[in-house]
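Trainee: First to last, the sequence lines map onto chains A and B. Number 109 in the working numbering belongs to position 109 of the first sequence; there are no gaps in the numbering. Number 113 in the working numbering belongs to position 113 of the second sequence; there are no gaps in the numbering.
Treat the hints loosely; a few may be bogus.
If you anchor each label on the Cβ, the simulated ranges turn out as follows [to be verified]: (1) 93(B) with 85(A): 55 to 63 Å; (2) 5(B) with 137(A): 44 to 52 Å; (3) 213(A) with 162(B): 37 to 45 Å; (4) 80(B) with 55(A): 29 to 37 Å; (5) 5(B) with 149(A): 36 to 44 Å.
Which bits of chain B does chain A cover? Going by a derived footprint, with three or more residues having C-beta under 8 Å, they are [as the list claims (entries may be wrong)]: (6) 6-16; (7) 35-47; (8) 76-86; (9) 136-149.
Hints listed in this document are in silico derivations from the structure and should not be mistaken for laboratory results. Glycine included, C-beta positions come from ideal geometry on N, C-alpha and C.
Each chain is listed here by its residues.
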Amino acid sequence: MYATSYHRASSVEDAVQLRSAHEEGKYLSGGMTLISTMKQRLAAPSDLIDLRHIPALRGISIEGRRVKIGAATPHADVAASRDLRALCPAICDLASHIGDPHVRHMGTIGGSIANNDPAADYPAGLLGLGATIVTDRRSLSADDFFVGLFETALEEGEMVTAVTFDAPEKAGYAKFNNPASRFAMTGVFVAKTASGVRVAVTGAGSDGVFRHPGFEQALASNWSADALANVSVDSSNLLSDLHANAEYRANLVKVMAKRAIAAAG
Amino acid sequence: MTKVTLTVNGRTMSGECEDRTLLVHFIREKLGLTGTHVGCDTTQCGACVIHMDGRSVKSCSILAVQASGSTITTIEGLAGQSELHPVQAAFKEHHGLQCGFCTPGMVMTAVDMINRHGGSLTEEKVRAELDGNICRCTGYHNIVKAILAADAEMASGRQAAE
């Protein structure tokens, strides 16, 4: 790892100020991707601004069916929240299968979505739920937030502070994970929300997380795995790598979508 | 150089290190506690698992400065004066190790898992919870047996105390 300077932020304002003072700096949340990337010398931020000790960024609050998850909330807390599970078990199940138990104790929802790894789980969950991503300066829909491979709508120095969403009527997530990395080789999140059915796919798209309009239309008129039988999945924009080629992933998208529907009930 | 202060196994310990120093190297080289191992160094194997503020973490993927101010338990902090921790005793009893390299991380992981799921562990649950720990010798069977035995032992201890 190249040399870096560490700063511990005490508040969101403090963090934003520290970041703007260090042009080559980076926000550090749980560090479960960033520290590994720095160890491989694939990233070399001059400064790290640690967000893990900002109390306002941590925790889950629920008002009626409105859920708010602070950006620095670890995956383990989302997985273990009984209040959240009562409203939206799918997001708890999704969080409970990220990485391994030790990674879930450190890794955070804000860090995951700001990184937008094309095989990460949370981007599918939030896009599927039609969540809103709150930053230090604005609110963005998940549709606008996730832009491409490791790319989001975040501007220079902009920081995710929370995500909010309305608990869906039904939702489910299923992933086929890579047994070595535990990332999704393909993961599908399905949700029946007040504004319609949403289906989001991670791990498969060559441009990162995406929605599947064909599945959404089919499920809107018939919420069952059978409804997907005759809907095709175009493999032309899917990833091909040593783990799975695009055609295999296209099949996985459908299989995972069916399993997600079964999980949602 | 930055001063890092930790409460390790009940004692306050400090040391100076670079901001890029990993927690596992700080614990091993600055504090001299070499029970915590570096296996893969890429967050895969779990040989470096310790507890930070009561939660299992991989100390090869955390900077020492990130941990400053926290409470740490390492494998050296588990046993009493003369008796092994029930999880350590169960690993010994059930031969849950061969070469022993992964064992500190396995034991710290097992203690964390019992803390969170105490009394309700099943073989399936233990195997799922071992997702972040790799053993190249045992094939896991005796590790799983040891953890289930320790869980039962500790649950009966809790009942006796109540």
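Trainee: For each hint, tell me whether it holds in the structure or not.
Mentor: Do the hints match the structure? See the list:
1. Range check, residue 93(B) to residue 85(A): Cβ separation about 36 Å, and the 55 to 63 Å hint is violated.
2. Between residue 5(B) and residue 137(A) the beta carbons are some 35 Å apart, a value that contradicts the proposed interval 44 to 52 Å.
3. As the Cβ distance of residue 213(A) to residue 162(B) is approximately 57 Å, the hint placing it in 37 to 45 Å is violated.
4. Look at residue 80(B) against residue 55(A): about 35 Å separates their beta carbons, and that is inside 29 to 37 Å.
5. Distance hint for residue 5(B) and residue 149(A): a CB-CB separation of about 40 Å, consistent with the stated range 36 to 44 Å.
6. Judged by the Cβ-Cβ criterion of 8 Å, the segment 6-16 of chain B is not covered by chain A as claimed, because only 0 of its residues qualify and three are needed.
7. For a cut-off of 8 Å, the count of residues in the segment 35-47 of chain B with a CB near a CB of chain A stands at 5, and the three-residue condition holds.
8. Counting residues of the segment 76-86 of chain B whose beta carbon lies closer than 8 Å to any beta carbon of chain A gives 0, which falls short of the minimum of three for the stated coverage.
9. Only residues whose C-beta sits within less than 8 Å of a C-beta in chain A count toward coverage, and the segment 136-149 of chain B has 0 of them, not enough to reach three; the restraint is violated.
Of the numbered hints given earlier, the model fails hints 1, 2, 3, 6, 8 and 9; all others are met.
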